[in-house]
Amino acid sequence: MGKFFRMALPPIALGLLAWGHYVGLAVAPPDREMGEVQRIMYVHVPAVWVALVALTLNFICSVTYLFKPSWKTDSLAEATAEVGLLFGAVGVLLGAIWGRPTWGVYWTWDPRLTTAAIMLVAYMGYMALRRFVEDPEKRAVWSAVVGIIAAVDLPIIWFSVKWWRSLHQVQSSPRTVDPAMVTPLRISAFAFLAFMILFIIHRYRIALSERQAEVALPDSLPTDSPEARRTAGVA
Amino acid sequence: MKPSKPIGLLRASFVLLAKDLLIEWRTRARLNALVFFALSTLLLFSFALGPDTKLLERNAGGYLWLAILFASTLSLGESFRVEQENACLDGLRLAPADARAIFLSKAVGNTLLLVVLGGLLIPVMVAIYGVKVTLGIGSLLATLVLGCMALAAPGTVYAAIASNARARDVLLPLLLFPLIVPALLASAKGMTLVLQGDPMNQLNSWFGLLGGFNLIYWGLGFLLFPRVVED
Numbered sequence: 001m002g003k004f005f006r007m008a009l010p011p012i013a014l015g016l017l018a019w020g021h022y023v024g025l026a027v028a029p030p031d032r033e034m035g036e037v038q039r040i041m042y043v044h045v046p047a048v049w050v051a052l053v054a055l056t057l058n059f060i061c062s063v064t065y066l067f068k069p070s071w072k073t074d075s076l077a078e079a080t081a082e083v084g085l086l087f088g089a090v091g092v093l094l095g096a097i098w099g100r101p102t103w104g105v106y107w108t109w110d111p112r113l114t115t116a117a118i119m120l121v122a123y124m125g126y127m128a129l130r131r132f133v134e135d136p137e138k139r140a141v142w143s144a145v146v147g148i149i150a151a152v153d154l155p156i157i158w159f160s161v162k163w164w165r166s167l168h169q170v171q172s173s174p175r176t177v178d179p180a181m182v183t184p185l186r187i188s189a190f191a192f193l194a195f196m197i198l199f200i201i202h203r204y205r206i207a208l209s210e211r212q213a214e215v216a217l218p219d220s221l222p223t224d225s226p227e228a229r230r231t232a233g234v235a
Numbered sequence: 001m002k003p004s005k006p007i008g009l010l011r012a013s014f015v016l017l018a019k020d021l022l023i024e025w026r027t028r029a030r031l032n033a034l035v036f037f038a039l040s041t042l043l044l045f046s047f048a049l050g051p052d053t054k055l056l057e058r059n060a061g062g063y064l065w066l067a068i069l070f071a072s073t074l075s076l077g078e079s080f081r082v083e084q085e086n087a088c089l090d091g092l093r094l095a096p097a098d099a100r101a102i103f104l105s106k107a108v109g110n111t112l113l114l115v116v117l118g119g120l121l122i123p124v125m126v127a128i129y130g131v132k133v134t135l136g137i138g139s140l141l142a143t144l145v146l147g148c149m150a151l152a153a154p155g156t157v158y159a160a161i162a163s164n165a166r167a168r169d170v171l172l173p174l175l176l177f178p179l180i181v182p183a184l185l186a187s188a189k190g191m192t193l194v195l196q197g198d199p200m201n202q203l204n205s206w207f208g209l210l211g212g213f214n215l216i217y218w219g220l221g222f223l224l225f226p227r228v229v230e231d
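Sequence order for the protein chains is P and C.
Residue numbering for the first sequence follows UniProt numbering, starting at 1 and increasing by one per position.
Residue numbering for the second sequence follows UniProt numbering, starting at 1 and increasing by one per position.
Calculated from the structure, these hints are not laboratory results.
Glycine included, every Cβ here is placed at the ideal spot set by N, Cα and C.
Worth double-checking, as some hints may not be accurate.
[What the hints assert, rightly or not] Label-pair restraints from in silico Cβ distances:
no.	chain 1	residue 1	chain 2	residue 2	range
1	C	E230	P	L93	37 to 47 Å
2	P	E134	C	W25	50 to 60 Å
3	P	W158	C	L9	33 to 43 Å
[What the hints assert, rightly or not] From the structure, some residues in chain P lie toward chain C, with a derived Cβ separation under 8 Å:
no.	residue
4	G125
5	A128
6	I149
[As the list claims (entries may be wrong)] Away from chain P, derived, C-beta distances all over 12 Å, residues of chain C:
no.	residue
7	L22
8	R28
9	A33
10	P51
11	L56
12	E57
13	V133
14	S139
15	V157
16	N164
17	A165
18	Q202
19	L223
20	E230
Could you build all of it, start to finish, from the sequences and the hints given here?
Here it is, written out as structure tokens:
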């Protein structure tokens with residue numbers, strides 16, 4: 001399994017991304033109203049989807065950590081939050097680029113955009129908390145608590161377009177989107193999903209190694225405390 | 001000796017709240033600092049925006065809530081700083097009381113302090129921004145209490161976290177501000193309606209939003225707080 005992710009996933013992800021871009025840019029028809037500008041949907045929508053998936057994983061890790069503490073869960077929580085934040089930022093940025101020609105402005109205070117901005121800032125706070133707390137155990141518990149509290153925003157982002165019915169269109173589904181557009185959207189979504197898994201695995205490995213280094217470090221360093229010297233075998 | 005009954009959650013919260021209020025009453029340091037901080041914030045808004053009376057009057061509700069929000073970060077941080085001295089928080093945890101009682105007492109205490117602060121700021125706002133309370137004292141008080149509750153619940157959890165972390169003065173606003181946006185929006189809109197009248201009857205929907213926000217975050221804080229202060 002580990003070998004599959006290391007060896008096979010990167011080419012699969014790159015291939016899917018290239019295929020999705022080819023179909024999205026060259027094969028799919030331009031939108032009747034928005035024209036060529038609409039093609040940004042094939043990357044904007046998957047990026048936000050994947051961000052929500054990663055941050056939902058972060059919520060699951062946070063809850064799991066509080067019930068069953070483990071460095072692996074904590075490292076996975078760190079990895080998912082960072083990758084979710086990355087894809088979320090990409091999605092919001094692409095949305096702003098699309099908003100300029102379509103709505104005439106880069107940013108409106110539409111509920112969808114506002115809740116997405118709140119998500120980005122909330123998880124930046126989460127990342128800052130992780131940097132500001134040195135004790136690994138406290139950091140893990142506190143970031144789990146903050147991860148749970150921040151996750152309240154995620155369902156609000158998803159349903160905001162249904163609840164408020166403002167500028168941002170409602171979620172696209174295969175029933176509402178033309179089949180010629182659904183295929184590139186699906187391919188791109190799987191490409192982004194593959195990249196998300198890749199990034200998370202990579203980041204998770206780094207986080208886990210950091211954690212091991214942090215937890216192991218005090219014993220391996222020379223110290224003046226008598227107890228620590230006895231356990232380390234330095235009489 | 002009779003085995004003593006463990007102290008109940010509500011009673012423990014009440015005792016802790018009384019302790020916090022007594023400390024506050026004896027020193028009055030926190031409330032004094034907060035009032036002057038919030039007052040100068042209110043004044044600064046009018047200086048930064050120029051003497052445009054119409055603009056100030058229209059946005060008075062928003063300025064009031066921003067002043068309360070900025071003051072609340074001071075107040076929330078302070079509420080746990082007193083427990084950091086002489087390791088008082090460890091003492092509280094060793095007492096045979098529920099850790100959730102600490103949350104309830106701190107959150108209720110912070111709410112009370114912010115409501116008092118708001119109560120002192122409103123007359124000033126009425127004077128310097130030239131607004132009048134159109135909907136009456138009842139709606140005004142309801143907006144104030146609901147809004148302060150919404151600031152206090154997540155703020156108490158985050159203040160407990162930030163008080164132990166490095167760069168605590170940056171961390172609390174960094175964590176709290178994004179979270180508080182819906183509550184700030186609802187409180188400011190509600191306050192504006194209270195001040196300018198509510199012909200479309202929208203106030204209740206903002207109260208609904210604040211009520212839902214309070215329900216979620218008081219519940220989450222109550223459930224999660226024991227994990228925050230455990231060792």
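Tell me, in ascending order, the numbers of any earlier hints that this structure violates. The structure breaks hints 2, 15, 16, 17, 19, 20; every other hint is satisfied.
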